[in-house]
Amino acid sequence: MPTIQWTSNTITVAGTELHVQRGGTGTPILLLHRDIGTLESLPFYDALAQRHDVIIPHHPGYGKSPRPEWVGSTRDIATLHRALLGQLGVKDATLVGLGFGGWIGAEMATYAPYDTSKIVLLNPMGVKPPNGDILDQALISYIEYVQAGFHDAAVFDRIFGARPSSEQLIAWDICREMSFRVAWRPYMYNDSLPHLLRGVQAKALILASEHDQVVPRSAATLYAAQLPNARLQIVANAGHLAELEQPAALADIITSFIAA
Amino acid sequence: MHLMYFTEQPMKDYPQDAGNDIGFTSLLMSNKHFNPVDGSRLYNEFLENYVYAEEMGVDGIMLNEHHNAPFCMQAKANIFASLLAGMTKRVKIVLLGNPLPLNDNPVRLAEELAMIDMISKGRLVSGFVRGGGQEQLATNANPAHNRERFQEAHDLIVKAWTVPGPHRWEGKHYHQRVVNPWALPLQQPHPRIWIPGVISQETVIWAARHGYPYICLNTSIEDTKKIWARYDQTAAEVGYTPGSEHRGYLIRCHVAETEEKALETARQYLWMDGEFTGRLKPVWASPSGYFSPSSRQNFVEFVAGQSASPSRPRKTFEQQIDDMQIVAGTPEQVVKNLRIIMRETRPGIMAFWGNEGRMTQADARTSIRLLGQEVMPALRETAKELDLKCPFEANMPVSRAYAEAARATAAE
Numbered sequence: 008m009p010t011i012q013w014t015s016n017t018i019t020v021a022g023t024e025l026h027v028q029r030g031g032t033g034t035p036i037l038l039l040h041r042d043i044g045t046l047e048s049l050p051f052y053d054a055l056a057q058r059h060d061v062i063i064p065h066h067p068g069y070g071k072s073p074r075p076e077w078v079g080s081t082r083d084i085a086t087l088h089r090a091l092l093g094q095l096g097v098k099d100a101t102l103v104g105l106g107f108g109g110w111i112g113a114e115m116a117t118y119a120p121y122d123t124s125k126i127v128l129l130n131p132m133g134v135k136p137p138n139g140d141i142l143d144q145a146l147i148s149y150i151e152y153v154q155a156g157f158h159d160a161a162v163f164d165r166i167f168g169a170r171p172s173s174e175q176l177i178a179w180d181i182c183r184e185m186s187f188r189v190a191w192r193p194y195m196y197n198d199s200l201p202h203l204l205r206g207v208q209a210k211a212l213i214l215a216s217e218h219d220q221v222v223p224r225s226a227a228t229l230y231a232a233q234l235p236n237a238r239l240q241i242v243a244n245a246g247h248l249a250e251l252e253q254p255a256a257l258a259d260i261i262t263s264f265i266a267a
Numbered sequence: 209m210h211l212m213y214f215t216e217q218p219m220k221d222y223p224q225d226a227g228n229d230i231g232f233t234s235l236l237m238s239n240k241h242f243n244p245v246d247g248s249r250l251y252n253e254f255l256e257n258y259v260y261a262e263e264m265g266v267d268g269i270m271l272n273e274h275h276n277a278p279f280c281m282q283a284k285a286n287i288f289a290s291l292l293a294g295m296t297k298r299v300k301i302v303l304l305g306n307p308l309p310l311n312d313n314p315v316r317l318a319e320e321l322a323m324i325d326m327i328s329k330g331r332l333v334s335g336f337v338r339g340g341g342q343e344q345l346a347t348n349a350n351p352a353h354n355r356e357r358f359q360e361a362h363d364l365i366v367k368a369w370t371v372p373g374p375h376r377w378e379g380k381h382y383h384q385r386v387v388n389p390w391a392l393p394l395q396q397p398h399p400r401i402w403i404p405g406v407i408s409q410e411t412v413i414w415a416a417r418h419g420y421p422y423i424c425l426n427t428s429i430e431d432t433k434k435i436w437a438r439y440d441q442t443a444a445e446v447g448y449t450p451g452s453e454h455r456g457y458l459i460r461c462h463v464a465e466t467e468e469k470a471l472e473t474a475r476q477y478l479w480m481d482g483e484f485t486g487r488l489k490p491v492w493a494s495p496s497g498y499f500s501p502s503s504r505q506n507f508v509e510f511v512a513g514q515s516a517s518p519s520r521p522r523k524t525f526e527q528q529i530d531d532m533q534i535v536a537g538t539p540e541q542v543v544k545n546l547r548i549i550m551r552e553t554r555p556g557i558m559a560f561w562g563n564e565g566r567m568t569q570a571d572a573r574t575s576i577r578l579l580g581q582e583v584m585p586a587l588r589e590t591a592k593e594l595d596l597k598c599p600f601e602a603n604m605p606v607s608r609a610y611a612e613a614a615r616a617t618a619a620e
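Protein sequence lines correspond, in order, to chains A and B. Okay, so the first sequence: first residue is 8 according to our numbering, each after it adds one. Okay, so the second sequence: first residue is 209 according to our numbering, each after it adds one.
Be aware that a few hints might be false.
Partial chain A-side listing against chain B, Cβ under 7 Å, derived [stated by the list, open to error]:
no. : residue
1   : S148
2   : I150
3   : S173
Just a sample of chain A residues kept apart from chain B, beta carbon distances all over 12 Å, derived [to be verified]:
no. : residue
4   : H26
5   : P120
6   : P171
7   : E184
8   : A256
Calculated directly from the structure, the hints in this document are not laboratory data. Because the structure is a prediction, the values reported are computed rather than measured. Positions of the beta carbon are idealized from the N, C-alpha and C atoms, including for glycine.
Using the sequences and the hints given, assemble the complete structure.
Shown next, in the form of structure tokens:
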């Protein structure tokens, strides 16, 4: 597998600075990261970048993108990412959203329901699960919340260490504060989204991890039911953070879907 | 000198084993362990004790509120304040305070407080707080907006009290079509506002900028001096010199007929591992966005269980007695220690956290009697010697803004 050369840039969109990583060649993917932010480099990103031009903006207020005081909803974030794609001159990117990022991807698709060809949402938040609730990170520590995303606890230790560094804790705290700013009440969903999804013309792949303890399966099922051109697929042997537990398998599923 | 009585109103009859089994006594501890029969009896005992404290000679009753935990039964400070407005005759009713960010409608608060002030014939002191971390979770108030909501709600309440309505409020967090409450405070321009807190420097600076007395909540003498240094520095920057009337101090203080009895009973101050706010998971005390970004590293390590609380270092009972963060003994012994605190920190307001935990009603009342009848008279003499004046004695303006407005009017 060739090594991917990733670039990092600060791009100002609508007066707001976004940190953007980009690597690989091929059809474009806008990769929308999670509420816990993202590590700079992941085997999953490298695998996607073998076949795609992968663009990973840090959401405003997350990771290396500074927090704009005015951003108060995931719709604000989705709008900035739409503007980012326009500014970069990227046409018809496949939107790939992970968990919380899946919610942002869904919001982006509802804004331009005829202008998005393909979306992939992995264990997406953003809708009120018909059964169960989205795990409330406010009641548990950063470490417990991320651990809840793994089916195999050993993978957490391998990636973050048994005792995560203060730098990592601070990064998670900054992300969590921003998540509270955009999704405190109701927690992690938008009541109008299921209705708006019905107008989205994109081909949609909804992925649900076999062992997701963070977002109930019923949320993925609801997405698949509301989106007119969607199918639901299960990712085996993975918790909520499937891109960390099954990076190669997940990248294959997504690449095959885009190629089809 | 203003001398007040305070209790957290502990739900002392909750089953302690239940807390030991789950390892915490707050937020998520099931209210199936709350027995309303005990609750009813305890609320009435607290009321009796407040009335008794007035009879014994205290100057004020300090009230507060917390949620979802046995350490404090007051879920709404204004309810006890309303009761005391009718049941007492002389004492100041000192709310320290209403947690502003937890309220979605500050105009309702302004109305309630105005009613309490009128019913009590002008005895209300209306303190405001941000509310603890877990209070945000208990009431679903966004911790990331805590400080902004505190400041905006304060501004709206003061405007509702002082600017004739109707007017409109379109703020960031609060939006009111019509601000025009037909209930206004008896005290003019408005009831005094005192701000309690610990070491949060933003709050100290905010209080100093407004010229509001700051009440240190049982901080060590050393930390108290640091707080005053910051307060004084801020005051100097905005152009005034604070005095004892700007300084308050809450101390856990239990008095009994013998030293042995007082020390034994005072151990109840540490009834929940010494946590003021019950035993809790650190993440509940410090939700993201709630604490100062300047202390982020300390707090995230605390939340992750990697370090002790940055705001409340753990100390043994003996250490706290030695440091005089708990004062317990006979009236003479207590007066001796309190005089040291008064000399060292020069407060014009002192609050005595008289009973806590599983102290019996008899012990609580003995302490109230000895505090009111023996300790407080001695402290008043000391206050005269040290020239410690409370805001009422100093007749200080209710705020810097009002002082400046009054000066401008006089100049015209």
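**Prompt:** Which numbered hints are broken by the structure, listed smallest first?
**Reply:** 6 and 7
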